[in-house]
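**Student:** This is what each chain is made of:
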Amino acid sequence: MTRNTGIYASVLGGAAFVLGVAYGWTARDYRGEELATLSEALRQLEARNATLAAQVAESDDLDDRITELEASLAAALQALEDAKVAAAIPEPVAEEPSVEPQDPPEEAQTAALEFGDPARGEEVFGQCRSCHQIGQGAKDRIGPHLNGLFGRRAGLHEGFRYSDDMAMMGADGLTWELETLDAYLENPKALVSRTRMNFAGLKDPQDRADILAYLRQFSASPQNIPEAAPTAQAREVELSPEVLAIVGDTDYGEYLASECKTCHQQDGSDQGIPSITQWPTEDFVVAMHAYKRKIRPHPVMQMMANRLSDEEIAALAAYFAQLE
Amino acid sequence: MKLNRRVFVGTGMAAATSLSAPSVQAASHGKPKVVVVGGGAGGATAARYIAKDSAGEIDVTLIEPSRSYYTCFFSNLYIGGFRDLDSIAHSYGTLASDYGINVVHDWATGVDRDAKTVALAGGGSVPYDRLILSPGIDFVEGSVPGWDVSAQNAMPHAYKGGSQTELLKAQIMAMPEGGTYVMVAPPNPYRCPPGPYERVSMVAHVLKANNPTAKIIIADPKANFSKQGLFEEGWQKHYPGMITRIGPDFGGENVSVDPAAMTVDIDGEVVNADVVNVIPAQKAGLICEAAGLTDGNWAPVSGHTMQSRMDENIHILGDSTNQGDMPKSGFSANSQAKVAAMAVRGALTGSRVFPAKFSNTCWSLIDTDDGVKVGATYEATDEKIAKVDGFVSQTGEDAALRKATYEESIGWYQGITSDMFG
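For the record, the sequence lines run as chains P and X.
If you count by the numbering used here, then the first sequence holds residues 19 to 342, one letter each, in order.
If you count by the numbering used here, then the second sequence holds residues 4 to 425, one letter each, in order.
Calculated directly from the structure, the hints in this document are not laboratory data.
Yeah, the Cβ is synthetic: ideal placement off N, Cα and C, and Gly gets one too.
Here are a few chain P residues that face chain X, going by a calculated C-beta distance under 7 Å:
id, residue
1, Glu277
2, Cys281
3, Gln283
4, Pro317
Go ahead and model the full structure; you've got the sequences and the hints to work with.
**Tutor:** Okay, structure coming up:
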């Protein structure tokens, strides 16, 4: 390998980095100052080239690295093209007048650090990677890609085939914000009963806070998302062992259930309204408490759950679990 | 629908007796007898729940004149072309065959409260230990000057399901180009508070496709109406310029009609109309008055059990009642029926009785995939059925939510009709 190849690689690497930055920024709000950001980013690129060139030249793996960088540059260029089309802004050029730019990823990280550690979150996210991609060029795999997740309506990301329940929750108004993501990550099926996401959940509030801090870096305008302590929300669906241990009175449940059956058909049909027959008891209890605490969005269910006591929820759960 | 094997034993007897209706009282087993008058959302539900949950310990007779019951709810969707008539028609066969309910197709004309019998138009009478009346609504005579039931072909009310609904739809389809549809809306309280306004939406939907220069006028005695903001937003969006509502501030409460001339006089201004949909003021079904159970236009009941305030052996359900905060709706009647069924079983067989809980949700369709809803929960106090909590759809909701709301209403229709008819 020659030094020239190394420099070439380093240029590609730098360009990929900068364009990635540019993409992340333009994906946000394509107006005036983005051009300045791009110019500044290009200047940073030039400065980094020299350093990178030396490092890359020493690499034993130049060919692989070149291939990898070319691919990521192509993806970044494509993303930038898409972003420019969407933004309808002129070709960004280095000689555009520039204001002192803020570096958006750093700003996002600063904000994120206030509630979780994104670096640790990246490690925790390792267990999600088999199904979810995130970052430049991320595509839908088994699960949808997670770029731009914050502020996205659940189940409405185009091109991905969601479970009926996820689509229904999205139509009902479930939007991915800190608190809803926190509840979902804690126990996916408590928030979305028949989600396809086959994941037991992250019980440690710190794990969730960190992973959310990490995910947030890949969303547009994360600084606009209201801050909330995700650990506070975690208690919302975290039920005490006493509540979960209540043994439901099935006779009472049968009477209470007569109200449910006006809409939820006993024979398990679900047309517009999901079946709740033979729902596992604990899932039922957790879901009803999630409605009662208004984490699940549906207004009818929030209203119905709101006046049910812990004993009444247990009674309903016991009744529907044994219903044939 | 699954067979309920516990009550299947009653089937043969029920089928036989429903062929010779007036002789039902002969089928005495010494079991407690419940008679239900009216096979709609209240009566059919009460009959089914008592039969189902008493597992043969109670004889249940359901008296309903129609062999095919057309639900009033979703009849507007038939007018709008979203449902066919067959899809809102139901029969009582499953209640007889699977639940052992004695279904008698006849009119109940009176109640002898001392002898505890119900008289039938076809002759004979049926004895009861507990009577449940769920007769729906009748109209207040003279509430719209110039209109009475004999004019209902010229100016249909279409506020009881079935032939009136078909007639109104046929008249709308036959309107001349650029013609005028006038609705005379009812004063409070009346069946299905958003119903007239959903109907206007559905008429507008049909006219927009077939007769886009036609006009709709609503003469309304009420200053405000259910889901008003949602309907008005929807009308502006889907049917701009087509619908004019004349409220009481512009004489909407001062209306008379001339069915022969097909004119409507709104506060002195005479409108020539092609279709006039008169929805008169309403009162409890006639049997309530005949049985001496009304106070004014409605029958007062206790919210704890739905028992008449005037006779503890009689429970009254749905539109006919004066119960408190619940709207007159099929959902409400269905909800009240379950409380009454529990109370009746408790009284007759000693089964467990729990505190009454009620709920209601009314979905309305404004245009294709543009559904809205309003709902509330209720509980019984000694004075009345009192509202606990409620919600209503918001203006400006996105299309996905509105579509989901409409789809939910279809699921609800399946649910409640299964809950009523088995």
